[in-house]
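A.B. asks: Modelling step: build the complete structure from the supplied sequences, incorporating the hints.
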Amino acid sequence: MNILVFPPVYGFGLGTLFDSTRRALPAQIRWQIAPHAEIPQNTFDFAHFYTLPDVFATFPKLFAAQRAGLRIIATALYWDPTRYLTQGLAHAELPDAGASAERVAEIRAAQLDVERALLRLIYHACDLLIAQSRSEADALVNDFGIAPERIVIAWCGVETRYANASPKLFREKFGLENFVLAVGRVDANKNQLNLIRALRDENIPLVLAGGSLAPPYLDECQKIASANIHFLPSLSDKELGSAYAAAHTHALVSWLEVVGLVTLEAAVAGCNVVLTREHGARDYVGDAGWYCDPGDVTSIRRAVLDAHHAPPQNMLREHLLKTYSWERHAREICDAYERASALPPRVESAEGRANLEQTVHTLVRLVPLLETSRAELWREKNELARERDAYANGRAMRLLNAANQILKR
39 MNILVFPPVY
49 GFGLGTLFDS
59 TRRALPAQIR
69 WQIAPHAEIP
79 QNTFDFAHFY
89 TLPDVFATFP
99 KLFAAQRAGL
109 RIIATALYWD
119 PTRYLTQGLA
129 HAELPDAGAS
139 AERVAEIRAA
149 QLDVERALLR
159 LIYHACDLLI
169 AQSRSEADAL
179 VNDFGIAPER
189 IVIAWCGVET
199 RYANASPKLF
209 REKFGLENFV
219 LAVGRVDANK
229 NQLNLIRALR
239 DENIPLVLAG
249 GSLAPPYLDE
259 CQKIASANIH
269 FLPSLSDKEL
279 GSAYAAAHTH
289 ALVSWLEVVG
299 LVTLEAAVAG
309 CNVVLTREHG
319 ARDYVGDAGW
329 YCDPGDVTSI
339 RRAVLDAHHA
349 PPQNMLREHL
359 LKTYSWERHA
369 REICDAYERA
379 SALPPRVESA
389 EGRANLEQTV
399 HTLVRLVPLL
409 ETSRAELWRE
419 KNELARERDA
429 YANGRAMRLL
439 NAANQILKR
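Here my numbering runs 38 ahead of the position in the sequence shown, where the first position is 1.
Please note: incorrect hints may appear among the correct ones.
[Unchecked claim] Here are the simulated DSS-like pairs of lysine-lysine, each with C-alpha atoms no more than 27 Å apart in a straight line:
{"id": "1", "residue 1": "K276", "residue 2": "K206"}
{"id": "2", "residue 1": "K211", "residue 2": "K276"}
{"id": "3", "residue 1": "K276", "residue 2": "K360"}
{"id": "4", "residue 1": "K261", "residue 2": "K211"}
Think of the hints as simulated: they come from the structure by calculation, not from any bench.
C.D. replies: Here it is in structure tokens:
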């Protein structure tokens with residue numbers, strides 16, 4: 039099969055998923071990265087999207103693939119963001135005052151409506167969706183009404199090289215061992231602020247490895263950190279494997295994770311793992327992990343301490359190594375292509391038109407809010423410093439520009 043592939047907009051765990059899948063695919067499956075120019079006709083069997091959860095990048099590319107006559111497969115990458123947007127951001131940011139706080143809440147609610155409407159539109163336009171866990175598949179059915187026969191689960195692989203990693207390199211370079219490790223960029227979703235709150239008064243080292251693309255959030259984390267909290271940049275692959283081997287416990291207390299590959303990597307290296315019920319990794323880890331509520335500091339502290347004082351869960355390590363591989367994941371991707379070939383193609387329907395109309399209505403509400411916020415930004419830049427930062431790094435501007443483009447269609 040010839041597959042036109044739209045690669046991830048961002049790297050991190052999604053980049054690992056994409057690259058690991060590409061390496062494991064059999065020779066008869068040929069992936070070609072989508073061009074920036076017009077898509078050639080009659081060349082590909084399917085378009086496969088890895089661009090979600092960025093709905094604003096996916097939406098115009100999906101239309102381009104449809105214009106080229108291609109059937110659509112998407113790796114869904116879905117987890118309900120409601121709790122993160124309504125609770126997680128409030129935990130992460132300094133409180134705003136007066137009208138600004140009201141406007142921020144209104145924009146977040148409107149953005150959630152837009153993203154849900156666009157996800158519904160995109161998911162229903164696909165011939166088939168690929169989920170990475172049973173929980174994700176169930177959420178696609180329950181939240182968007184996707185027919186189960188149009189969903190294939192392709193279980194993520196584990197990195198077997200971490201099973202043989204040595205702690206020596208990390209111990210010699212950083213002088214730490216028997217610590218709690220949290221791998222991942224420091225940002226609001228990953229919830230390191232609450233993790234620090236939970237452990238800053240404990241006599242256990244906490245190592246945050248991964249750097250940050252959110253300087254204000256990193257600053258807040260560093261402000262409240264005690265001497266037992268260590269901030270490290272992104273580690274090389276050898277350093278990361280050694281860090282897993284040197285740690286006793288790995289904690290990923292995110293508000294949402296489609297899977298959270300670092301949890302699987304840490305477990306394969308021998309760490310006890312702490313995660314939340316907001317993770318698809320729970321379907322891989324089961325009862326061998328320790329679970330906490332991301333919004334409850336006491337819950338996080340209890341789970342981490344219980345995991346840290348427990349012996350290593352070697353049975354989980356062996357289960358993951360035996361059950362999950364990137365070769366299996368690639369076979370399940372191939373099965374998805376075969377199933378999609380046998381399904382009747384999607385046709386335009388009243389439901390599809392209704393989804394499009396709903397998306398336009400949500401955008402009509404959101405765009406004026408963003409325009410007003412941008413105007414206030416220039417008039418009151420001192421009071422709206424946080425929004426200024428958001429516009430400066432392009433997030434809100436990209437959202438506004440994409441919304442305007444969609445409204446013009």
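A.B. asks: Run the distance test for K276 versus K206: straight-line Cα separation, threshold 27 Å.
C.D. replies: Holds - the C-alpha atoms of K206 and K276 are around 11 Å apart, at most 27 Å.
A.B. asks: Is it true that the CA of K261 sits at most 27 Å from the CA of K211?
C.D. replies: It holds: about 25 Å lies between the C-alpha atoms, which stays within 27 Å.
A.B. asks: Can you confirm whether the C-alpha distance between K276 and K360 stays at or below 27 Å?
C.D. replies: Holds. K276 to K360 sits at ~23 Å (cutoff 27 Å).
A.B. asks: Given the hinted pair K211 and K276, is their Cα-Cα distance within 27 Å?
C.D. replies: The hint holds at about 12 Å.
Comparing the model with each numbered hint stated earlier shows that all of them hold.
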